[in-house]
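K.L.:
Please work from the sequences and hints to get the whole structure.
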Amino acid sequence: VPVLDIKPKGWKESRQVLVYTHGGAYTMYSARSRLMSAVPMAHDTGFRVISVDYTLAPAGKWEQVTDEVVTVIQTLIKAGHSLNDIAVYGESAGGGLAAGIVLKMRDKGLGMPAAVVLWSPWADITETGDTYATLQQADPLLYYPDNLKHCADAYAAPQDQKHPYVSPVYGDYTKGFPPTLIQAGTKEIFLSNAIRQYQALDTAGIPVKLDLYEGMWHIFQVFNYDLPESKLARKKVKAFLTQHVGQ
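Sequential numbering of the sequence shown, starting at 1, is according to my numbering.
Worth flagging that the hints you see were computed from the coordinates, not collected in a lab. Source: prediction; values computed, not measured. Check each hint, because a few of them may be wrong.
Below 20 Å or equal to it, Euclidean Cα-Cα: the simulated PhoX-like pairs (lysine-lysine) are [to be verified]:
no.: 1; residue 1: Lys162; residue 2: Lys104
no.: 2; residue 1: Lys9; residue 2: Lys231
no.: 3; residue 1: Lys108; residue 2: Lys78
no.: 4; residue 1: Lys104; residue 2: Lys187
no.: 5; residue 1: Lys12; residue 2: Lys238
no.: 6; residue 1: Lys162; residue 2: Lys149
no.: 7; residue 1: Lys9; residue 2: Lys238
no.: 8; residue 1: Lys9; residue 2: Lys209
no.: 9; residue 1: Lys209; residue 2: Lys7
no.: 10; residue 1: Lys238; residue 2: Lys7
no.: 11; residue 1: Lys7; residue 2: Lys61
no.: 12; residue 1: Lys209; residue 2: Lys175
no.: 13; residue 1: Lys231; residue 2: Lys187
no.: 14; residue 1: Lys187; residue 2: Lys209
no.: 15; residue 1: Lys61; residue 2: Lys78
no.: 16; residue 1: Lys238; residue 2: Lys209
no.: 17; residue 1: Lys175; residue 2: Lys149
no.: 18; residue 1: Lys162; residue 2: Lys61
no.: 19; residue 1: Lys104; residue 2: Lys78
P.N.:
Here it is, written out as structure tokens:
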């Protein structure tokens with residue numbers, strides 16, 4: 001599985017690593033094109049970032065794509081890393097993928113990473129959730145019926161779209177899940193995804209933080225790098241990872 005290995009300036013040898021699954025509705029972008037997310041994350045957190053260049057839909061379906069990301073984590077473990085040193089993060093579709101692969105690892109008895117960070121996660125690829133409708137006109141970036149539905153169908157057949165590895169809001173978290181930080185803006189159609197993912201984890205007693213930003217849009221943390229809200233959000237990610245990874 002191809003990856004990009006991003007180390008922050010001044011990086012010193014460390015076992016701690018952040019595995020990144022990029023966004024793009026499962027059909028667009030790559031590890032290289034999403035350096036705009038991976039590089040700021042490495043710079044601001046001090047973590048080495050491994051960005052997974054997973055196979056895009058329609059060539060890559062959910063079963064294959066989730067296996068690819070799990071393989072990357074297993075390869076890191078074979079190279080001497082422990083799960084306690086590994087966190088996963090993803091934005092948008094990559095957020096749904098990050099949560100999905102952790103569920104898959106847990107269910108297969110492979111253990112789980114130390115922490116999870118989800119930015120505006122596409123945690124339900126069906127058009128379920130209040131803000132798909134109520135914020136459709138407010139969201140400056142995303143529109144479901146004409147765009148995202150086709151991407152969802154390319155990634156997973158309709159009968160699979162509520163599988164927990166595809167839409168992790170439907171997961172059973174009573175069996176455990178790592179501490180999780182979810183960030184989103186109040187001006188995006190995925191706000192319901194963030195809230196529902198938070199509720200699924202919180203109801204099961206999983207340590208989870210829902211960190212919302214007034215008036216912010218999809219993945220504002222890197223699309224608009226210099227905003228005060230973006231800087232604060234990335235600062236909170238660093239604090240969260242420092243608290244949970246390698247401890």
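K.L.:
Are the hints correct? Go through all of them and say.
P.N.:
Hint-by-hint comparison with the structure:
no.: 1; hint: Lys162 - Lys104; in the structure: 14 Å, holds
no.: 2; hint: Lys9 - Lys231; in the structure: 18 Å, holds
no.: 3; hint: Lys108 - Lys78; in the structure: 17 Å, holds
no.: 4; hint: Lys104 - Lys187; in the structure: 31 Å, violated
no.: 5; hint: Lys12 - Lys238; in the structure: 17 Å, holds
no.: 6; hint: Lys162 - Lys149; in the structure: 14 Å, holds
no.: 7; hint: Lys9 - Lys238; in the structure: 16 Å, holds
no.: 8; hint: Lys9 - Lys209; in the structure: 29 Å, violated
no.: 9; hint: Lys209 - Lys7; in the structure: 27 Å, violated
no.: 10; hint: Lys238 - Lys7; in the structure: 15 Å, holds
no.: 11; hint: Lys7 - Lys61; in the structure: 30 Å, violated
no.: 12; hint: Lys209 - Lys175; in the structure: 19 Å, holds
no.: 13; hint: Lys231 - Lys187; in the structure: 18 Å, holds
no.: 14; hint: Lys187 - Lys209; in the structure: 19 Å, holds
no.: 15; hint: Lys61 - Lys78; in the structure: 26 Å, violated
no.: 16; hint: Lys238 - Lys209; in the structure: 14 Å, holds
no.: 17; hint: Lys175 - Lys149; in the structure: 31 Å, violated
no.: 18; hint: Lys162 - Lys61; in the structure: 14 Å, holds
no.: 19; hint: Lys104 - Lys78; in the structure: 19 Å, holds
Checked against the numbered hints above, the structure breaks hints 4, 8, 9, 11, 15, 17 and satisfies the rest.
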